[in-house]
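Could you put together the complete structure from these sequences and hints?
So that you can map any letter, position 51 of the sequence shown is 51 in our numbering, and since no number is skipped, the others follow by simple counting.
Derived by calculation from the structure, the hints in this document are not laboratory data.
It should be emphasised that the depicted structure is a prediction, and the values quoted were computed from it without experimental measurement.
From the three backbone atoms N, C-alpha and C, an ideal C-beta is built for every residue, glycine too.
Heads up, none of these hints are tricks.
Using C-beta positions, here's what the derived DEER-type ranges look like:
id, residue 1, residue 2, range
1, A116, R77, 22 to 30 Å
2, R80, N128, 38 to 46 Å
3, A56, P159, 48 to 56 Å
4, T113, A56, 19 to 27 Å
The list that follows gives simulated cross-link-like pairs (lysine-lysine, BS3-like), each with its CA atoms no further than 25 Å apart:
id, residue 1, residue 2
5, K153, K139
6, K139, K59
7, K70, K55
8, K55, K139
9, K59, K70
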Amino acid sequence: MRTSMMLSLALSAAFGVSALAFAGPGDGGFGAGPRDHHAEGMMAMRGLNLTDAQKAQVKQIVRQSFATLKTQEQAVRQQREAFEALSPSASNYQSAAASLAQAEANLTSARITARAAVTAQIYNSVLNAAQQSQYATQKAAFAARKAQWQQFKAEHPLPASAGSAQ
1 MRTSMMLSLA
11 LSAAFGVSAL
21 AFAGPGDGGF
31 GAGPRDHHAE
41 GMMAMRGLNL
51 TDAQKAQVKQ
61 IVRQSFATLK
71 TQEQAVRQQR
81 EAFEALSPSA
91 SNYQSAAASL
101 AQAEANLTSA
111 RITARAAVTA
121 QIYNSVLNAA
131 QQSQYATQKA
141 AFAARKAQWQ
151 QFKAEHPLPA
161 SAGSAQ
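Next up, the structure:
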């Protein structure tokens with residue numbers, strides 16, 4: 001159970017969901033990071049029937065990605081905490097805000113780049129040709145379902161009062 005749960009988390013992180021958002025307490029990750037809405041990759045990985053060896057490879061690739069981003073994430077967290085401790089009347093408040101914004105932007109860029117690198121590495125070095133084909137098919141099917149949902153939402157908007165109640 002624990003192994004399959006860990007694999008699900010690892011695959012989710014590797015294929016479209018921020019790796020940092022899925023690391024739980026005690027996993028060496030961050031645990032409480034914001035979740036991205038990139039379920040596309042997670043859905044596409046289901047049904048690929050990875051072997052135990054492939055699962056181990058994926059786990060190793062994802063762990064390396066966690067380690068790469070961990071230091072940068074910690075530095076940004078410390079910078080954010082320092083900024084939040086500042087009073088808006090502090091002389092360096094605006095420059096601290098600009099510095100934090102740049103650090104957050106750099107971290108976001110690093111996360112996206114790392115996620116793409118993990119995805120490419122798993123796709124190119126772990127999945128066999130049949131799994132790659134199945135992945136592409138499942139990813140296309142997910143994209144079609146997502147487009148249908150977006151169209152449905154556009155055709156059936158929520159009433160204006162739904163978001164402003166109370």
